[in-house]
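K.L.:
The primary structure of each chain is shown beneath.
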Amino acid sequence: MNLNSINRRSVLKSLGLSSLSLPILSQSTSLFSANADKTAPKQRLIVMFSPNGTIPDQFWPETIGEDFEHKTILKPLEPFHDKLLILRNLHNKVRGDGDNHMRGMSCLLTGIELFPGNVMGGGNTPSGWPKGISIDREISNHLQSQPHTRTRFGALHFGVGVQDTADPWTRMSYNGPNQPVTPLSDPYDAYRKMYGNVRDKKKVRSILDDLNADLHKVANRLPESDRKLLIEHSKLVQRMDKEYEDGSSLSNLSAPPPDLPEGIRNLNENIPQLGRLQIDLLVNSFVNDFARVATLQYTKSVGQAKMNWLDIEDAHHTLSHEPNNNKDAYEKLVRINTWFAEELAYLLKKLENTPEPGQKGSMLDHTLVIWTNELGKGNTHTLDHIPFVLAGNGFGFRMGRSMSCENAPHNRFLLSLAHAVGHPLQSFGNPKLSEGGPLILS
Amino acid sequence: MLLKRYYPYLLFVLASSTSSQGMGMTKPLDGKKLYAQNCAECHGEQGEGVEDEYSKPLIGDWPVSKLIHYVDKTMPDYDPDLVKGKEAEAISRFVFETFYQKPELFQKDSKIQLARLTNRQFRQSVADLFAQFMGTPRIYEYKTGLKGKYYNAEGMNKKKKMHTERVDPKISFDFGGKAPYKEMNPKKFSIYWEGSILPRESGWYEFFVKSPNGFALRINKLDGRPSIDERVTAGVIRESKAKIFLLGGRPYPLRLDYHKFDDPNASIELSWRTPVGQKEIIPNEFLFTTMVNQSYIPQQKLPPDDSSQGYQRGIQVDQSWDEAITYAALDAARYATEKINQLAKTKDNDKDRKKKVMEIASKFVRYAFRQKLSEEDENFFIKSRFNENTPVHVSIEKIVLMTIKSPRFLYPEWQALANKKTDSYAVASRLALYMWDSIPDNHIHKQIEVGHFRNKGHIESQAKRMLQDPRSKAKFNDFMLHWLEMKTKELPSKNTQRYSNFTPALALDLRRSLFRGIEKAIWEQNADWHNFISMPSIQFNDRMANYYGLPFPTEINASVFVPLESKKMGRSGLHTHPYILASHSYAEESSPIHRGVFVSRKILGRTLRPPKEAVSFRNADYDPNWTMRQKVTALTKPANCMSCHDLINATGFTLEGFDTTGRTRTKLGTKPLDLSSKYLDENGNEKKLNGAQGLLQEALNSTGSSKYFIEELCKHLAKHPIQSYSNINFLELSKMLSSKKLTIKDLYLKIAMQAATEDFIFNN
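Sequence lines, in order, name chains C and B. The opening residue of the first sequence carries number 1 in our numbering; numbering runs sequentially from there. The opening residue of the second sequence carries number 1 in our numbering; numbering runs sequentially from there.
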């Protein structure tokens, strides 16, 4: 049966929803109208992650409602006030195996418990990978299942300063039980994945003239009878030059790939630059409609970046353990989190300045960006009050306000995301924690 | 239901010429004239052959008597009755005396030609180029197994307390719910294995780790992401794999981390699949306790080299090769960029970093080009790539890319040809290519720089040093794969109902047994030609001993190979090694034809041409009560067939004392076996051969076998036929070899040394 043929009432019925739920569903344009109308507004999702909790009193607005104030950490987002939705009193209530950093990270987007396993953290019991899929992949799978929302990759996962380890502290996206998704933590790798070996070809071309000159030099010194092979070789070099000159593989793109500067190494001190490159690539991938879903993960849960670009020599996670009365640590952590907000602002600006191809408005109008963290606060390791800053109009939520979620489990928020793209799941992750259904964010 | 089984296989039928417009019977018995009239149209005026007719030169090793007989019976091809009796004899004598035995007349352009690196040479050279800076991985103490460190774990600390350190012969453990030791905590423990792996052959290897617990495997990859990373358990047994190209004869570091934490069960297996082989727990003989340096091995797939002459040569360049080399160069450049600090022995904040990087860049180019660099070259290839605005690792990337794509690297002989003289660098470059398929190492560069590499004694002592290097053994192994026709050959497989115990694992054992035996004979026991083809002992493990019905010393570990005396088990000669016999057989029956072709060429050194027409052998065509000997005799009866099959059958029948799997037998059903045959040697003497032993005796008494071996070895080492080198005294070498005055190792050295110093003027 074709989805188009399902009428609105029967869907509602099958969901067990009354017409009281309508306000949420009316936002999910694609469920009812998009299938009929191929030009329905595109919906995109970005999840940005930064680790080790925030500094609550410099982060959360006191005011609930549209007039919320921007404290130090959220100050950089002030220009986007009307496009923000700050979710207060939302908790990660997934319990079970694993320490809070692990569950904070690996249950953040999955909302489900971790398998028992062998990874021993700083407390509680050891654990393995989560038992289910993450919301970003769930939404991507949903979009990929329909021709008009299907894209080349579906979802792209970018990392910045993510270590080469694979454990519940380092992964937040999952394809299913025991199926971690590895982020592309090097922009050059991400570039290669999206645009093939274009940059390699450029590099090769940059030496071909010299190579050919040398080939001729060598050939001219050889006796006539031995030149044949080199002449042949020289023709191959010319052929390669011609072929690589032609950018045909990229000519059908809406936007050419960004120019990546050469040789930025994947090192701690380059995190700011690497992050910006990843953001540029991410937005570019959206412009070319390679994906509708992306994640942007800065380091990892328990991440130990040393942010020397902020004149901070201490490692991030270590700092986050310092008690409240350590003024120095407090001040540094505020700077660190403010810096992440600035990076988010860069992303938002970029999306705002990019018109949505083929549609009205900016890309930010079609995107929902979620900035989140695995912990509420670093030195208490609490999973309550998880930072969720939403930006952009892509999911039809009512923006320009802060809102109290009344201590709901974050599963209900994850569920709202699914509903907003016309994927009305009854629960997401742990069904118990989904009770009450999606949060009404519109 | 009975299945009809067919044995479609080639039969060798002598190639014969097509028609000429022969004039019929001419009177005077002038062989030359008769040849011109009856034969030249297809065979050429001088026996050189004619395109689209009989294109090959008319040469061979038949005695004249056989040639006469053959011409009489079968020539000219379109009407064998045209040339008979005395005319046949006159023509044959003319052919025999004028060119039949003089292959050198037909050697076209035997001079040394420009060639690019073959794939093997390319991979070896790039690997060794990096090894000059990263250190050549080498095992100094050949102790097999992996070092295992057994720890108790607690909380986050996986190495709370070491309980034991020991050597494990292989990694295949099932601890169940228990710990490896009673005193250890069965709930939480970890084991760290390390050492190296030394594969024998080059190619793609797959590694597998299977466990319900946490594990991470590193193969030739000590930093960055592990080759296999399953450190987080998933509550079930899982198997992960990694595929990697390895060059044979080189050790690679291996590390396996294993961790149990509260899982109900504990087990772990480390397996691999070798290029020719099947999945198996990595056998003890390939694991060593010494941890070695990591190396860079190009992983790029390369299109196959030309092997139209029976050995790999770099005589063609085409688009797919150019692209593959470019990708390989890009990959090497990326690697150099990543590892630049390690290569240049520097750090990011080292104030001399740039200087150090420039120095190694210069060395890198020099080693790759196998020469010292002129100031102009130094500027062009190195200095001009560095400038203020470019980070050093970006400069390095370009230099490596440029170097590996350069004709100066890819065409090693170019300078000798350009300068029209052979200098020390040319000799060094050839020696490294001929002995290792690689580049000269820094020792040789130093020798040349101090001017030592002009003196014969010095060069010879360097060549002797190079002979001891594992790369020589690796290259010889590669030659053996070719010479024994094993390179791309699948493992022998047999009818599973009749030979249910002839498993793929056993077939793999046979292959290893053959190689171990040859390696030991050549490199440890300094075998001469006689020892080599006599194979006085064969390596057996318990599975083989069990199958071939031999007593195996019980005190010996099952997977270990031990030499057993060949004679005692009714075997004599390389050709009676069970791998050779089993792989030259059909699935149900022995094949005297395949065996005969193999021994005629390899053991007796006789020439056989490929058949012009192939005739299938079908077992079902014959009376099931017949022996293979009877069937083959019937099949090859026609005169056309017999021109080659007299030789093939005569040799193949002597090996009928071994069944299709290489087991000895004295009877076939109830019938006694006839292992004797009449053999016509290259001098026209008819001899009686009796069994495998008789065949071996004949080989030991003839010079043909060693000659053929030398010719093949030379082609394989130097990539040119032996006739290309005026410096090599072929006759003398083959005399020395067949009279036991030369070991195989020395032959290897002599060919490499003499070929490398062609046209070189020594200083004294």
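Please note that a few of the clues may not be correct.
[Said to hold, decoys possible] With a Cα cut of at most 20 Å, we get these calculated PhoX-like pairs of lysine-lysine:
1. C:217 <-> B:735
2. B:735 <-> C:228
3. B:745 <-> B:735
4. B:111 <-> C:201
5. B:420 <-> B:464
[To be verified] Computed list of chain C residues with no C-beta within reach of chain B, every gap over 10 Å:
6. 129
7. 405
8. 437
Worth flagging that the hints you see were computed from the coordinates, not collected in a lab. All values reported here derive from a predicted model rather than from experimental measurement. From the three backbone atoms N, C-alpha and C, an ideal C-beta is built for every residue, glycine too.
K.L.:
For every hint, state whether the structure bears it out.
P.N.:
Hints and how they fare:
1. Straight-line distance between C-alpha atoms of residue 217 of chain C and residue 735 of chain B comes to about 45 Å, which puts the hinted pair past the 20 Å bound.
2. Note on residue 735 of chain B and residue 228 of chain C: the hinted pairing is violated, with a Cα-Cα distance of about 39 Å set against a maximum of 20 Å.
3. Distance restraint check for residue 745 of chain B and residue 735 of chain B: the Cα-Cα separation of roughly 16 Å lies within the 20 Å cut-off, and the hinted pair is therefore satisfied.
4. Our distance criterion of 20 Å between C-alpha atoms is broken by residue 111 of chain B and residue 201 of chain C, whose separation comes to about 38 Å.
5. As the CA atoms of residue 420 of chain B and residue 464 of chain B are separated by approximately 27 Å, the hinted pair breaks the 20 Å bound.
6. Not every CB of chain B is more than 10 Å from the CB of residue 129 of chain C (nearest about 6 Å), against its label as outside the interface.
7. With a least CB separation of 31 Å from chain B, residue 405 of chain C remains clear of the 10 Å interface cut-off, as annotated.
8. Against the 10 Å criterion, residue 437 of chain C stays outside the reach of chain B, whose nearest CB is about 31 Å from its own CB.
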